[in-house]
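*Asks:* Using the sequences plus the hints, can you model the full thing?
Under my numbering, residue 361 is the last one in the sequence shown; the count climbs by one each step, no gaps.
Honestly, the hints are just simulated from the structure, not real lab data.
Small disclaimer: the values here were computed from a predicted structure and weren't measured.
Honestly, I wouldn't trust all of these hints.
[As the list claims (entries may be wrong)] Ranges of calculated distance between the beta carbons of each label pair, as one might list FRET restraints:
(1) 19 to 264: 22 to 32 Å
(2) 169 to 21: 20 to 30 Å
(3) 232 to 172: 13 to 23 Å
(4) 15 to 193: 55 to 65 Å
(5) 193 to 305: 48 to 58 Å
(6) 145 to 25: 40 to 50 Å
(7) 295 to 219: 53 to 63 Å
[Claimed, not checked] Straight-line alpha carbon distances no greater than 25 Å define the calculated DSS-like cross-link-like pairs of lysine-lysine that follow:
(8) 47 to 109
(9) 143 to 17
(10) 155 to 143
(11) 47 to 17
(12) 103 to 47
For each residue, glycine too, the CB sits at the ideal point set by N, CA and C.
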Amino acid sequence: YQGDAMSVIDLCATAVKEAMGDFFGGGTVRFVGRSIGSQLAVGCAAKLHEEQHVAAPQRITLLDPFFTTQEFTFLGTGVRCGRVVSSTGVGAFAQQATANYVKMLWETKRVATEVYTSAGSTSGLDSQAAIDMGTYSVQVAYKPSWCDGEDSDLKCEHQAVFPFYFLSFGLPPPPLVQAVTSPGRLLDKPAVTCAVPSASCTDAELRALLEEHILLMQSQTSASWDQVDGTDTFALGDDTFALTSGTMLNTITPDPAIEEEVAQSNAIEQRQWGMSRGFRLGSESGMSTKQLDFVVQIAGCILALPLLAFLTYRLISLASQKACASSTDEDEEGSEEEEEEDDGESDLEGSMKQSPLMEDH
Numbered sequence: 001y002q003g004d005a006m007s008v009i010d011l012c013a014t015a016v017k018e019a020m021g022d023f024f025g026g027g028t029v030r031f032v033g034r035s036i037g038s039q040l041a042v043g044c045a046a047k048l049h050e051e052q053h054v055a056a057p058q059r060i061t062l063l064d065p066f067f068t069t070q071e072f073t074f075l076g077t078g079v080r081c082g083r084v085v086s087s088t089g090v091g092a093f094a095q096q097a098t099a100n101y102v103k104m105l106w107e108t109k110r111v112a113t114e115v116y117t118s119a120g121s122t123s124g125l126d127s128q129a130a131i132d133m134g135t136y137s138v139q140v141a142y143k144p145s146w147c148d149g150e151d152s153d154l155k156c157e158h159q160a161v162f163p164f165y166f167l168s169f170g171l172p173p174p175p176l177v178q179a180v181t182s183p184g185r186l187l188d189k190p191a192v193t194c195a196v197p198s199a200s201c202t203d204a205e206l207r208a209l210l211e212e213h214i215l216l217m218q219s220q221t222s223a224s225w226d227q228v229d230g231t232d233t234f235a236l237g238d239d240t241f242a243l244t245s246g247t248m249l250n251t252i253t254p255d256p257a258i259e260e261e262v263a264q265s266n267a268i269e270q271r272q273w274g275m276s277r278g279f280r281l282g283s284e285s286g287m288s289t290k291q292l293d294f295v296v297q298i299a300g301c302i303l304a305l306p307l308l309a310f311l312t313y314r315l316i317s318l319a320s321q322k323a324c325a326s327s328t329d330e331d332e333e334g335s336e337e338e339e340e341e342d343d344g345e346s347d348l349e350g351s352m353k354q355s356p357l358m359e360d361h
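*Replies:* Here it is in C-alpha cells:
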C-alpha cells in the first residue's frame with residue numbers, strides 16, 4: 001500500500017468520503033458491520049464524526065460482532081507494523097476501544113448502535129467491554145435452531161444473522177411477547193410501532209428503544225430481546241421476541257431533547273441545502289446554491305448602487321445644463337428684440353427732427 005492512511009480506519013473514512021462526496025443530502029446514514037468488520041464500522045463512524053464530514057452516520061448495526069485478539073503469527077512469533085515481535089496478542093484493546101467508541105458516539109453524537117447475534121453471545125468481549133457494549137447498544141439474539149444438523153453448525157449460526165437483518169428491511173418489526181412461567185407464552189402486542197429492534201425501525205424509534213434500554217440497564221447487568229418463536233424456520237414472518245428482563249415497554253416515545261440534538265448535529269445540518277444551512281460546519285462543507293445565489297444578488301446590488309448613483313448624477317447634470325442653456329438662449333433672444341425696438345425708435349425720432357427743415361426749405 002502506498003498512501004497517507006495510517007490505519008484501516010483511515011482507509012475506510014477516506015473511501016466513504018470519496019464515495020459519498022461533500023454534497024450528500026439524505027436524511028440518514030447507517031453503517032453495518034458483520035463479524036470482525038464490526039470493529040471497523042464503529043471506528044470508521046467515529047473517525048467521520050471527528051472530521052465533521054457530511055457522511056458521518058446516525059446509526060450503526062453490528063451483526064454477530066467479533067473482535068481482534070491476536071495478530072498475524074508465523075512460527076510462534078507475531079508480526080506487528082512490519083516487525084517480528086515476541087508477543088502474539090493485542091489483548092482486549094480492540095474490544096474495549098470498540099465499546100468506548102459506541103459509548104462516546106451515543107453520549108456526544110446520539111448515534112444509536114444495534115447489535116444482532118445468531119451464534120450466541122457477542123464473541124470476544126471481556127467483562128468490562130461487554131458491560132459497556134451491552135449498556136449503550138440494544139441487543140437482539142436470534143436462535144436459528146434450523147442450523148442443527150448442518151455440516152458446520154457454528155458457521156451456519158454465525159452467518160444466519162446477515163440475511164435475517166437485510167431481509168427484515170421489507171417487513172414490519174417482529175412482535176414483542178411476554179414469557180410466562182406456565183407452559184406456552186402469552187402474546188402481547190403493545191400499541192407501539194417498533195417494540196423490537198429491527199432494520200425497518202426508524203432511527204428515532206431505535207433511539208427511543210435505546211433510551212429505554214439504558215434506563216433499564218441502571219438496575220440490572222444485562223437486557224436483550226431474545227427470539228422465542230420461529231427459531232426452527234428461516235422465514236421471518238413467524239418470529240417473536242421477548243425481553244430477558246421481563247419488562248414490557250408499553251409506550252416508546254423518543255426524547256424531544258435528544259431528537260433536537262440530532263437535528264442540530266453537524267452531519268445533519270450539513271445536509272440542509274437551503275437558506276437555513278449553517279456556515280463553518282466543516283472544512284469541506286461549503287454553502288448551498290440558494291445561499292450562493294443570495295450572496296451573488298447582494299454583491300450585485302452593492303456593485304449596482306455606485307453605478308446607479310453615478311448615472312443619476314449624470315442625468316441630473318445633463319438636465320441642469322440643458323435647462324441653463326435654454327434660459328441663456330431665451331435671454332439672448334430677448335436682448336436682440338429690445339435692441340431692434342430701440343433702433344426703430346431712434347430712426348423715428350431722427351426722421352421727425354428732419355421734417356421741419358424740409359418744410360422751410
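*Asks:* Each hint should be assessed against the structure and marked as holding or not.
*Replies:* Status of each hint after checking the structure:
1. 19 to 264: 22 to 32 Å: 26 Å, holds
2. 169 to 21: 20 to 30 Å: 24 Å, holds
3. 232 to 172: 13 to 23 Å: Roughly 21 Å apart at Cβ, these two residues keep to the hinted range, so it holds.
4. 15 to 193: 55 to 65 Å: Once the Cβ atoms are compared, 34 Å apart, the range 55 to 65 Å for residue 193 and residue 15 is violated.
5. 193 to 305: 48 to 58 Å: About 56 Å separates the Cβ atoms of residue 193 and residue 305, which means 48 to 58 Å holds.
6. 145 to 25: 40 to 50 Å: Hint holds: Cβ distance 44 Å, inside 40 to 50 Å.
7. 295 to 219: 53 to 63 Å: 55 Å, holds
8. 47 to 109: Within the cut-off at roughly 12 Å; holds.
9. 143 to 17: Given that 25 Å is the threshold and the Cα spacing comes to 37 Å, the pair is violated.
10. 155 to 143: 13 Å, holds
11. 47 to 17: 11 Å, holds
12. 103 to 47: 14 Å, holds
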